[in-house]
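Visitor: Given next are the chains, with one letter for each unit.
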Amino acid sequence: DAGVTQSPTHLIKTRGQQVTLRCSPKSGHDTVSWYQQALGQGPQFIFQYYEEEERQRGNFPDRFSGHQFPNYSSELNVNALLLGDSALYLCASSLGPKSTQGFGNTIYFGEGSWLTVV
Amino acid sequence: AQKVTQAQTEISVVEKEDVTLDCVYETRDTTYYLFWYKQPPSGELVFLIRRNSFDEQNEISGRYSWNFQKSTSSFNFTITASQVVDSAVYFCALSGRKRSTGANSKLTFGKGITLSVRP
Numbered sequence: 001d002a003g004v005t006q007s008p009t010h011l012i013k014t015r016g017q018q019v020t021l022r023c024s025p026k027s028g029h030d031t032v033s034w035y036q037q038a039l040g041q042g043p044q045f046i047f048q049y050y051e052e053e054e055r056q057r058g059n060f061p062d063r064f065s066g067h068q069f070p071n072y073s074s075e076l077n078v079n080a081l082l083l084g085d086s087a088l089y090l091c092a093s094s095l096g097p098k099s100t101q102g103f104g105n106t107i108y109f110g111e112g113s114w115l116t117v118v
Numbered sequence: 001a002q003k004v005t006q007a008q009t010e011i012s013v014v015e016k017e018d019v020t021l022d023c024v025y026e027t028r029d030t031t032y033y034l035f036w037y038k039q040p041p042s043g044e045l046v047f048l049i050r051r052n053s054f055d056e057q058n059e060i061s062g063r064y065s066w067n068f069q070k071s072t073s074s075f076n077f078t079i080t081a082s083q084v085v086d087s088a089v090y091f092c093a094l095s096g097r098k099r100s101t102g103a104n105s106k107l108t109f110g111k112g113i114t115l116s117v118r119p
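Just so you know, the protein sequences line up as chains A and B, in that order.
Going by my numbering, 83 is the number at position 83 of the first sequence; the sequence numbering is gapless.
Going by my numbering, 29 is the number at position 29 of the second sequence; the sequence numbering is gapless.
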């Protein structure tokens with residue numbers, strides 16, 4: 001049973017560039033969320049995708065955008081990178097509301113993508 | 001707004017000691033879930049336990065146990081007979097219910113507790 005997979009694992013970008021991170025949810029899961037974790041902090045919610053639509057969004061600027069594909073995989077895009085965007089980006093997958101366990105089901109995380117902006 | 005407070009920042013114990021990690025939460029939701037995750041240096045958040053707001057029964061799962069008290073909004077986590085492999089950052093998290101979709105709302109995390117278990 002494949003867990004949540006993310007790519008790339010590490011990357012270095014220059015300020016002002018754009019980055020795309022990818023996530024494949026756990027088998028059977030249809031909802032993907034993205035979190036940003038700065039060093040020494042807890043993860044912060046960016047947004048959540050279900051049925052290929054953004055369903056919830058945290059307090060992040062429009063430079064952060066995403067997409068969900070029909071196979072439930074997802075991308076996180078960050079434009080005009082700032083030094084402060086350096087962080088671990090975590091993808092989480094879960095079952096959506098149509099599932100009998102849609103609410104409160106376990107949310108699984110990938111190993112994350114470490115982004116360094118220089 | 002939801003909030004999770006983990007007042008302890010770092011805990012160091014000797015192997016085989018029991019250790020309790022504290023978590024206090026705030027929410028206006030009447031239905032919610034609480035989670036504990038472990039984060040080793042690799043970065044992956046590993047699910048440990050979850051508890052829903054309408055079940056205050058405390059349980060034990062192997063070396064893990066938890067104490068959920070709604071009256072004090074606390075959800076403490078205990079590791080019995082700690083091992084070196086337990087060394088990691090531990091996060092408490094809270095999830096409500098998004099009314100429009102019925103789905104999980106976002107997870108709100110505490111700042112984490114760094115646990116070091118010395119041999």
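Hints are not guaranteed to be accurate.
[To be verified] Heads up, incomplete: computed chain B residues facing chain A, CB under 7 Å, no partners named: (1) Pro40; (2) Pro41; (3) Phe47; (4) Arg51.
[Stated by the list, open to error] Chain A is nowhere near these chain B residues, computed Cβ spacing over 12 Å in every case: (5) Gln6; (6) Glu26; (7) Ile60; (8) Asn76; (9) Asp86; (10) Val89; (11) Thr114.
[Claimed, not checked] Using 30 Å as the maximum straight-line C-alpha spacing, the simulated DSS-like pairs for lysine-lysine come out as follows: (12) Lys13(A) <-> Lys16(B); (13) Lys111(B) <-> Lys16(B); (14) Lys70(B) <-> Lys3(B); (15) Lys13(A) <-> Lys38(B).
Just so you know, the hints here were simulated from the structure itself, not pulled from any lab data.
Quick caveat: nothing in here was measured; it's all calculated off a predicted structure.
Where a beta carbon is used, it is the ideal one built from N, C-alpha and C, also for glycine.
Visitor: None of the hints should be skipped; say for each whether it holds.
Guide: Cross-check of the supplied hints:
With a cut of 7 Å, the hint placing proline 40(B) at the interface with chain A is violated, because the nearest CB-to-CB distance is about 10 Å. Contact between proline 41(B) and chain A, as hinted, is not supported at the beta carbon level, the nearest pair being about 11 Å apart and thus beyond 7 Å. Checking phenylalanine 47(B) against chain A by beta carbon gives a least distance of about 6 Å; that is within 7 Å, so the hint holds. Of the supplied interface hints, the one on arginine 51(B) is violated, with its beta-carbon coming no nearer than about 9 Å to a beta-carbon of chain A, more than 7 Å.
Distance check for glutamine 6(B) against chain A: the nearest CB is about 8 Å away, which does not clear 12 Å, and the non-interface claim fails. The Cβ of glutamate 26(B) sits about 15 Å from the closest Cβ of chain A, beyond the 12 Å cut-off, so the non-interface label holds. At roughly 19 Å, the least C-beta separation between isoleucine 60(B) and chain A is larger than 12 Å, which holds for a residue marked as non-interface. Its beta-carbon lying about 17 Å from the closest one in chain A, asparagine 76(B) satisfies the requirement of being farther than 12 Å from that chain.
The beta carbon of aspartate 86(B) is kept farther than 12 Å from every beta carbon of chain A, the shortest such distance being approximately 19 Å. Remark: the non-interface label on valine 89(B) conflicts with the geometry, its nearest Cβ contact in chain A lying 9 Å away (cut-off 12 Å). Interface exclusion of threonine 114(B) from chain A breaks down, the closest Cβ pair being 9 Å apart, not more than 12 Å. Between lysine 13(A) and lysine 16(B), the direct Cα distance comes to roughly 44 Å. Violation of the 30 Å bound is thereby established for this hinted pair.
For the hint pairing lysine 111(B) with lysine 16(B), the CA-to-CA distance comes to about 26 Å; that is within 30 Å, so the pair holds. As the CA atoms of lysine 70(B) and lysine 3(B) are separated by approximately 15 Å, the hinted pair is consistent with the 30 Å bound. Taking the CA atoms of lysine 13(A) and lysine 38(B), the gap is about 28 Å. The hint holds against a cut of 30 Å.
The structure shown violates the earlier hints numbered 1, 2, 4, 5, 10, 11 and 12.
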